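Chains as they are written, first to last, in my numbering: chain A, 6 to 432; chain B, 15 to 259.
Don't take every hint at face value.
[Stated by the list, open to error] Derived DEER-like restraints, expressed as beta-carbon distance ranges: (1) B/D163 <-> A/F123: 36 to 42 Å; (2) A/H243 <-> B/K238: 38 to 44 Å; (3) A/D209 <-> B/Y175: 58 to 64 Å; (4) A/S177 <-> B/G239: 29 to 35 Å; (5) A/E138 <-> B/I158: 21 to 27 Å; (6) B/N142 <-> A/R58: 35 to 41 Å; (7) A/F123 <-> B/I49: 22 to 28 Å; (8) B/D163 <-> A/Y248: 52 to 58 Å; (9) B/I194 <-> A/K238: 43 to 49 Å; (10) B/K21 <-> A/D135: 18 to 24 Å; (11) B/K238 <-> A/E138: 51 to 57 Å; (12) A/K15 <-> B/R92: 17 to 23 Å; (13) B/K238 <-> A/D200: 57 to 63 Å; (14) A/D404 <-> B/K96: 35 to 41 Å.
No lab work stands behind these hints: they were computed from the structure. These numbers were taken from a predicted model, which means no experiment stands behind them. Cβ atoms here follow ideal geometry from the backbone N, Cα and C, with glycine treated the same way.
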Amino acid sequence: MSEEIVVVEKIPKIEGHMNFSVVIRGGKVVKARAEALEGIRLLERLLVGMSFREVPDVASRMCGVCQAIHKVTAVQAVEDALGIELPEELEMLRKLVVIGGHLQSHILHLYFFVLPNFLGRRSILDLLPDNEELVKTVLKLKKLANALTEITGGRAVHPVTPVVGGFSKIPSRHSLERALALMKKFKELLGEPLDVILSLDMPDFKRKTTYVSLYTGRDFPLLRGKVKISGWKVFEPHEYENYIEYVTENYSSARHYVLRNGSEYMVGALARLNVNYELLSDSAKELAETYGLKFPSNRPFDNNKAQALELLHFSEEAITILEELLGRAIKTKKVPFKLSEGEGVSVTEAPRGLLIHHYKLDSRGRVEKANIITPTAQNYKCMEADALDYVTSLLGREDADVKHELEKLIRAYDPCVSCSARFFREH
Amino acid sequence: MYRGNGKLKVGIFSLSSCEGCLVQVLNLEDELIDIFKAIDLVSCRLLGVEKEYDALDVAIVEGAVTNKEEEKELHEIREKSKLLIALGDCACHGGKFIVKDFHVKEIAMWLPRGVDKFRADPLDKYVNVDYHVYGCPIDREDFITLLKDLLLGRVYRPVSYNVCAECILKENECLLDEKIPCLGPITRGGCKAICPSHGRECIGCRGPAEDTNVDSLIDIFREKGIEIPPYLLSLIKNLGGAKRV
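Chain B with its partners taken away, still in its complex shape (with noise of 0.2 Å):
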């Protein structure tokens, strides 16, 4: 990106989350003040920098879409700023890797301040977004990666390939072979396979691998015997919506 002489502004902006994936930019204690002195960052509520400004040229979204100021907010947002990026599993899922198969229309709620049902989106079903930086909670890597993109005004690419790839490069055990529903076959990875390397299914947080194919997943499940839990048919529905589920 073309950004004359000048520092890029950026500003970050938290809609509905558990700021997790911010407090994960704040985790990098190491290159934070590089950070702070490569950027002009103008607006991050969370660390109370609120400057004026007129436009942006990159506005980092975190959090899911959950009501109508939100969705004005993210136009607002998007209007200002050249390039958009959607921080986190929230936006760019809407954070539905937790939310699984609840259906909110099922039960009768009432909800305060006037919110009419329970939603909660991603940024991309309202507004362009150019880049995506997956996980729950984003890997700290990953967003060095992007800001060293943005600085070289080159295009980010999240890995496209699946969890596995990273977690045979670790020498784990597959934890399939130990018949525990792990997720990583379809999962896109860039995590360094961190739940399986500490004896945890992949649980799916950053979306569905480049090409993924969930039903030969449920192959797998079945040639191995194990038993597909209820709760993992929901996520793999989430993930890449197979039909056979």
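In isolation and in its complexed conformation, chain A is listed as follows (with noise of 0.2 Å):
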């Protein structure tokens, strides 16, 4: 039987290095694998023996675009370990570390990565001839959120100031004012970049499968929740090994992860909004029906168009945080904890979806076990089953065109592969 592999080679415009490919024996699409090409950083090896304190400063490492929440998950699930439990006032600094760093990976995957090849352009360097006010805006809008992580973490790429127990320094009051304003600017400038991802034209490709997402009933879910497997269960953070597990496949350096059940995921914008529709802010509700985009869907491209409602949202939650905030005092900027033995565990929200981070410390504070899930390691399996369909309605057009539109699926996935790519088995 006649046998051909379309193969799109390290797609560009994607977080890390990737191989795409698929096997089309005698008509039919048999096979779909998403091959992490990154080299292996064994990170969780590396963490293996170190202090407490230097954990967050490493599993931060692990991603460019994402460290933000990689720090405050490291941190959030070491202080689970040492039964450590922040004011209020500190939760919500966090909140505003991370959702800085939220609207910074969105724009870049929007505007840089998604929004070139749907003009019919590569880059968003092709773009500047045509559309030099946009790509403005769009910069000005990534520099008034990196400005959020800077004025609470202290810098926008690997954050210094979330530290296990607090921080180890507050903004003033004058700064959450900046920052304040930045956030409504932020908001003002939204409105265009927006429309043209909402209004753009995707492929209607739908396919029923599982979302994953942090979950509380009460709140859009950042990074305190339950996990919600949709039409399944609700799990506490700590349960994640008994839903969830790994596969490792030798094409890729990365674990691919699976429920228990055998069932692929989903996890990211789409997935948080597929099961917290109703937390989502009112505005960003009608900005969805406005543009007819209902929710649940099941069709991955909208996962984009979820990134860009997300960016009212969450800028919207960064507005609201910095009020309530400015109304009270930070009275303390790190709380007193003592060193003991114990195992946390850590279930956020990052921009690409659920992130966990699970340490176990001996009683001088030394990781004895790490392990960490990133979004992009769920995915795979369920880039894979999506390829698998997508390009079965695909069959009979040219390879290039194939190629191109396998791209455009994986990207909206907005897959960070530096992320996924750690995995290690010992003998």
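With the hints in hand, could you dock these two chains into one complex?
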């Protein structure tokens, strides 16, 4: 039987290095493979033996795009292990560090990576001749998003202030006022760029799958909550091993995750909206209605549009938090704690979806065991399942065309390969 | 560098890293459009730029070398480019400041895709590197300085003094006085002492300052009665290779 393998090599405009291949045999798409190519950085193994103090600094180096959430999730997991609870003000400040990171990451993905292709261009540089004003606005938005992380976290890439027990430095009242003004400016500038993404004509490809997101039932989740598997179960963060497991594939340097019932699943903005749509801000919901978007949606390409809606939601949330914080005093930057043996888990929502950090500490606060599950590692199997169906619907088209569409599908997931390519297996 | 009448042909390449240094370049929001107009960017996978080219004036390489494919890619880049720049700590030092005293030989591991051992090497272990841009992540202003120097045909010189020099100018309280084991005295500056300015010890991400004296930092620690925590001992080892540690 004739066999053809379509490979998209080193997919451009995604974070990290990945090939994606599809095997077509006798006119049928029989296999799809997400091949993480990133050099293996073994971060979990490196963490073993390190002091709990170092863990967040090292963990944040997993990814340069979503480092803020890695840092905060690592801090929270260590705090869980040591039984540390923070005052509400510090929790709010942590959210601001992370929201700055989410806004920055979504802007990078939507306007630097996704938009050029949908406008028939290769890169954001090619948008300059016809759309310089839009690019300028997008850059302004990006700068404002980074400023939020800089003010609250000390630095946009690999923030420095979140530490176990709280913060190493609290922003001054004046800085928080500045952050509030910047976020209001962000929301003001968002109109046209959002319209551009929300009016894009995306392929009408649907496939039923399972969506997994953090869930509180009270607010749109970010740093705290239980985990909800759509149509199945809500579980506590520390129970994650009962519900998800990994498979190793010899073609990939990342672990690929599935649910314990064998099903692939999707995490990310679309999963968050599918699970928590009612808790999205009113204006974000109105915007969705204006553009005829409905959630839950089983269209993977809607992940792009879900991210756009989140830009509005998260900027509004930042404004609410900042106004609230300015109304009260932040009494302490750090809570005291004692070292003890312990195990801690933190599950958060990274820009690209559910993120799990799990550490076991000995009595001296050294890491005995570390496990980190990134969103992209959880999405690989879902990408593969989508690609099987999507390429089937494209059979008969030119190879170049199929590759181009496949690339767009993978990019809709906003993969972050550096994050995911760390797995190791001891003999 | 003489470059005739045309624009500088620049390629940006990523080996194994978190790509945070490249994100720092994209975080130059005020300058980015001017940068794109001032140079002829011919390759950058993250941005989707892939033009055809035979030779480059400047190759900017981020990330560490972790396998044979990357080693080969690095050699190819070097052959094609007049100048090669190591961008960020992974490219400059192999990202070793977070790797510390991890010895892969001590643990038996199974590695996928035919990789037989774990490594994270700096670029200059394999090729000649013309300029180093230090830091994890790099400082945005360092990148602007580098570009200006390249465009003007000047030599790029990273800051040679230590983090303390910048920390003192900011009138920060010394963390060593608070008995916090800060690596500022031995670490290369240029970061504007960002960590100590936010109440955090310097973790040495820019590598050793020129003519640094690691032993004297250990003396300072002892003098001030700062207990040298094990994780800093391993950091110091990677920074300066102090014999006494």
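Honestly, which of those hints from before does the structure not fit? none
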